[in-house]
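Protein chains in written order, with the UniProt record's numbering: chain U, 1 to 260; chain F, 1 to 236; chain E, 1 to 412.
Calculated directly from the structure, the hints in this document are not laboratory data.
Idealized CB from N, CA, C, for every residue including glycine.
Relax, there's no trap hidden among the hints.
Here are some chain E residues pointing at chain U (derived, C-beta under 8 angstroms):
1) THR252
2) ILE277
3) GLY298
4) TYR319
5) SER321
6) SER341
7) VAL376
8) LEU378
Stretches of chain U that chain F covers, calculated by requiring three or more beta carbons in the stretch to come under 8 angstroms of a beta carbon on chain F:
9) 9-23
10) 69-83
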Amino acid sequence: MLKILKYSFYDLMRSRWSYVYFLFYLVLGFVLLFLNNDVSKAVITLMNIIIVLVPLIGTIFGVMYYYNSKEFTELLLAQPIKRSSIFLGQYFGVAGSLTLSLVLGLGIPFVLYGLFKSDVIFNFTLLLITGAFLTLIFTVLAFIIAISNENKIKGFGYAVLTWLFLAVIYDGLFLMSLIIFEEYPLDSLSLGAILFNPIDLARTLILLKLDISALLGYTGAVFKQFFGTNLGLFISMGVLILWTVLPIGWLTFKAKHKDF
Amino acid sequence: MIQVESLYKKFGKNKVLEGLDLHIQNGGIFAILGPNGSGKTTLIKAILGMVLPNKGKISVLGDSIKNKWKYRQEIEYLPQIANFPGNLKVKELITMIKDLRNKPSEESHLITLFGLEPFLDKKLANLSGGTKQKVNIVLTFMFNSPIIILDEPTNGLDPQAVIHLKELIQKEKQKGKTILVTSHIMQFVEEVADNIVYLLEGKIYFKGSIAELMKMTDQVDFEHAIATIANTKTNA
Amino acid sequence: MYKINRILLFIILAIGCSIQAKTIPVCVSCAVTSIKAGIAIAKDCDTLLIKKGTYKEYNILVDKPLTIIGEDFPVIDGEDKGEIIRIVSDEVTIDGLFIINVGTSYTSDYAAIRVVKSEHFLIQNVVLEKLFFGIYLEKSNNGKVYHNKIIGDAVDEYNSGNGIQLWYSKNIEVDRNIVQGVRDGIYLEFSDNITINNNISTKNLRYGLHFMFSNDDTYSNNTFENNGAGVAVMFSKRVKMYNNIFKKNWGTAAFGILLKEINDSEISGNIFEENTIGINIEGSNRINYTNNSFINNGWAVKVRGACYENKFTKNNFMYNSFDISYNSNLNDNVFDQNYWSEYTGYDLDKNGIGDVPYRPVKLFSYIVNRTPETIVLLRSLFMDIIDFSEKVSPVFTPDNLLDANPLMKKIK
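Can you build the whole structure from these sequences, using the hints too?
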């Protein structure tokens, strides 16, 4: 697997898109910092970008890479290599290079700006960690969608729909159900709903840092336990890890049972 | 060497292989023939483990290949369409395959043979179909494995290269290897193959030497013999 | 001339006192071994010098003008039996004592030091621990509570007392005290013209500072951090609040300041940082908010109920989850020339003022007021989209609530 990972990674490092992605974040970082002149504000803006754009880019990039590297995959399938290694290698190659672009692209401007001297370093690190998780999750979702659809256009369509659903529509439905059932105790329901959407989970993790003052204003006991202690952090992290590991398992299963 | 027992495979509703049995002994060149869509490529891919059969058993070198991958170390495969990752250079591709197979290889004389030196530093995306096929051939023949599978090896090759290819195949045969070939070019098949395996409707319709085939079909010419098989079946 | 006369008068008085006055040392090996005995033999204007040691005494009554000074912080241990020092005379100074173990009672408010109907007192450099009430001023005027340290260990509101309590007292200065771990750090009731400066009130069960029915008071340069519910200013008029720091008051009903029925006041130069609610305003009118900074609060300002003619000018609103929240769509308050970190407008004419108005009330804050659980959707893209649409055409939020001149740079 490591060999495949290496080749996929090299392959991506040479592709234009990784640079576009890297440059995008680099420019974004610099623009945010040097136009605003304010690390805290930049972190908040970044957070909005990360929970929306990172999943989108992971999704599109994952689908694109899968379809574009079909030849490579077929070449590898005839080689004495385990199937799961081929797909996991490619997956980690893509997810790894995307994560690297994200971390370096955002990291460099922030470090140059004096991140280490600023007190937002923990928030920033948390932001990068959630960004990395979102990349891992949405790339694997994209791979699963691509592997299940021979038709490129269909695959792209489903992938973008998945993103749209998790990034926007899910929260809309979530909000509507909260308002409709507002007479009932909704603590557990609303926390439960968060767990089923990786974007909401990532958002929650960041909220725990940036908006804890507001979160603690709510009376519910379950909320208090979730947000007031480290429980929320652990649960969100744990479920995010599940969100990464389970789809990867699914991808391996799909890869094992597919004809090429 | 290769044993296929009652192999079934369908893609959706399309039944491609229906209870195919095939036994290929040690050594010799076997041409796998059949009309379009008769399951040649599916059979080859099943042997390579790229297509998973619905039913049936395949053994290579005496062992079942189900859920195995190491046996592919013993097979060289030349795919039908030479699709390579476009942004790799030829040299890098060769190095990569060597790295992946982790076996001794002798690519240098093959590169000279097919005149690929000027292309070594070019990206695969910029190569012509014929040159790609030459690279494909180099990748296939540079290792020393007991089984070689060639899917349409002559695709896009110039006559010179075809001659080199034939020589190569003969040389490998003399080493006692088992070689499976598919091709549309009957002349090529006639020149190279010792045995014919003819697939029809997902089963082996004929298996034997060219002489036997001609005898069976009452034809003096190989190409016509093949055509006759196809006709008898469709007319029947 | 008047001033010089006063100084002269003071000097004469002081000398007059000091001419007759003597110093009575109190210690285990001295002639006088207890504070009570010392007070009994002392004459007016005398000084009791309490040497280092532990004095197990309570109900010490100071009924003549005395100066009681501790040397190296002598400990007065009340052994949980009741009140420790009660001052009923004018011109009393208490300095440098370490008072512990004040008795707890459900019927009377035992204090470490209680001043009753006296004037011109000075209580300074006193350390109080294990207390019920700390310093209790009752109908006493013109005194000073300076540089004391009150460290409580209160757990429940019902059986704990306040650090410094003023009841019907006027013209008092409360300066440089540290109060923590009591019910209310500083509590004022019916006390006017009080100045509260440079105090640090933290980790108190209820309020860091609590005003009730007290007018014309000023508090400035104080720090209120991590109190159960912040600072409450209720039913008072003309209160001035300058340059204080309100920090980390977290919880369901926690805020930097709670203003309830407050009129004609000034809130200026304060910093509100990481509070669940920066300022919670209920029924308060004609208050000027200027040069305050609201940083990282859940809600910077929450307006409930009838609040009229409040003016918010030149404040910084930075990185708050919500800047302003209203529970109705009526507005009679003015927001002008504030800096809003969320402002995304532009300034083409480069005059430092954004060319498009800023609307500080989000639709989402309205939704959260209605269904609090929706708070978990904070910063969701979906919310940003509906907030944006509400911004374009306000339906649920007051449409005249806007800052027409949002500043481009924050106020230093």
